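Trainee: For the protein sequence lines, the chains are C and B, in the order given.
Under this note's numbering, the first sequence has 160 at position 160, and the numbering climbs by one with no breaks.
Under this note's numbering, the second sequence has 123 at position 123, and the numbering climbs by one with no breaks.
These are computed hints drawn from the structure, not numbers from a lab.
Some hints could be false.
[As the list claims (entries may be wrong)] So the derived list for chain C, only partly shown, Cβ under 8 Å to chain B, looks like this:
#1 Leu34
#2 Asp38
#3 Asn71
#4 Asn170
#5 Ala203
#6 Thr207
#7 Gly209
#8 Cys213
#9 Trp239
[As the list claims (entries may be wrong)] Computed far set for chain B versus chain C, every beta-carbon distance over 12 Å:
#10 His42
#11 Val79
#12 Thr121
#13 Thr144
#14 Glu153
From a predicted model like this one, the values you see are computed outputs, not experimental measurements.
Using N, Cα and C, we set each Cβ at its ideal position, and we do this for glycine too.
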Amino acid sequence: MKLTLRVWRQKNADAEGAMSTYEVDNISCDMSFLEMLDTLNEELIVKGEEPVAFDHDCREGICGACSLVINGDAHGPERTTTCQLHMRSFKDGDTIDIEPWRAAAFPVIKDLVVDRSAFDRIIQSGGYISAPTGSAPEAHATAVPKPDADFAFEHAECIGCGACVAACPNGSAMLFTSAKVNHLNVLPQGAPERETRVLDMVAQMDTEGFGGCTLTGECATACPKGIPLPSIAAMNKEWLRATRKVNR
Amino acid sequence: MALATRTDRRPSLPRTVWDSTVGKKTVMAVSGLIMLLYLVAHMIGNLKIFFGPGDFNHYAHWLRTLGEPVMRWEWTLWVVRVGLVAAVVAHAVSAYQLSRRDIKARPSKYVHKKPRASYATRTMRWGGIILGLFIVWHILDLTTGTVHPGEYEHLHPYQNVIDTFSTWYGNVIYITAVVALGFHVRHGFWSAAQTLGVGNASRDRFLKTCANGLALLLTAGFVSVPVGVMTGVVS
Ligand code: HEM
Ligand code: SF4
Ligand code: FES
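Extracted from the complex, chain C is given alone in its bound form (with noise of 0.2 Å):
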């Protein structure tokens, strides 16, 4: 396949940051979509200009790492991650635009990478359980009835990609979130922390700078991970009954 690519690139945070056209040449279906940029950076370090800087780490689709918003869709047409999208989901002789994820609480620091920390502080803020660790408990020693312990598997299984922010209008990271609050808060392991978690994490989420949710529905429909938009609703659920609680 022969493509066309237009990616941004951008020097560092401070620097302003432009569409560049790039042309790739024998590019087999059976590459994933980094593979076809490694291909883009192996002619660019031989022609002896700057290789194109963009996130990944396991390429299969498990760690969150990699991003890019490729044609408007954030990690492109299908719902995967972008290490996990082949180039049969493209023609030959197509163009392809490559963006970073963009809002305010995730700002550019080089080409394709964005800094995501923001995520790291929410998790901080309450996405932990106060229980000692050590060897792992007998498995049987808490009960958790199977539909709870669905809705939390269901719940953690988002990687922390940030999709959910790239494509929603606002920039909300209402999505991600309420993945990672209602996977503790239903669970007895997450109980002790109930209250507190949802009220630190949402407001931690308010001080990193993201919109607020008018319930469009891009998140949903970006996330790889198929994290459901009434997650959302449970969210809000879960803040209502802390903000009763904790305040007597």
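The hints should help you fit chain B with the ligands onto chain C, whose structure is shown.
Mentor: Coordinates of chain B with the ligands only, in the frame set by chain C:
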């Protein structure tokens, strides 16, 4: 292992609510539902116009005697008015603050444009502004009579309504606002359910149907009055 006990005090309930995006959205949901409840009653009341001037004017008179003998003339009406103004102000201020925050949170647009489903977001903001302006005009027209076309007669709303809907601009402003209201309620009702945590996957269809039904009912009910005047059914 002993864990450190948290001793820091949390802000008061109103502070927590007003300082949080989730809390402010709750304020919008509650004030919106209050206005919605009022509008349903208002719409049903307006339909009395089809029973003639006697019925309609008597109804307007009765509104002022509501709650008697505990309340005096217009007391209940004023309580409702103050409550509604509070709801409108709370709704509008939260909407303004949240919208400003949302726009700031997404400063750079994507170069690659694609048709987005933010349709609801955009119509909510514009629709809300239209409704706000309409409410001001509507009160100046039919409650105070300040901008009323023709002779405004206190406690004779039947003739006042006919005057307004005998002008082309009266009909245009009114019908535009009522259509905007329909769209607003359509997304608003469902949104309020999500904000208040009532929504979940299995209830989603039901809530969406309710929102559409309510929007349709309100729009049809309100629009029927100017249509009635225009077609001569109400004269
Ligand atoms: C067929 C449609 C409507 C008719 C015929 C109508 C008529 C009236 C009349 C006659 C009054 C004055 C009542 C009185 O003092 O006797 C009034 C008040 C009011 N209407 Fe409407 N209205 C309609 C639709 C709407 C809509 C769609 C809204 C909201 C967006 C609305 C909001 C208000 C408000 C806020 C007041 C002031 C309430 C008060 O003075 O206490 N109305 N309306
Ligand atoms: S909710 Fe989905 S889109 Fe958002 S961070 Fe988690 S996995 Fe990524
Ligand atoms: S690189 Fe790990 S999820 Fe894509």
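Trainee: Determine for every hint whether it applies to the structure shown.
Mentor: Do the hints match the structure? See the list:
no.	hint	in the structure
1	Leu34	violated (19 Å)
2	Asp38	violated (22 Å)
3	Asn71	holds (5 Å)
4	Asn170	holds (4 Å)
5	Ala203	holds (7 Å)
6	Thr207	violated (10 Å)
7	Gly209	holds (6 Å)
8	Cys213	holds (7 Å)
9	Trp239	holds (5 Å)
10	His42	holds (26 Å)
11	Val79	holds (27 Å)
12	Thr121	violated (5 Å)
13	Thr144	holds (34 Å)
14	Glu153	holds (43 Å)
Hint compliance for this structure: hints 1, 2, 6, 12 are not met, and every other hint is.
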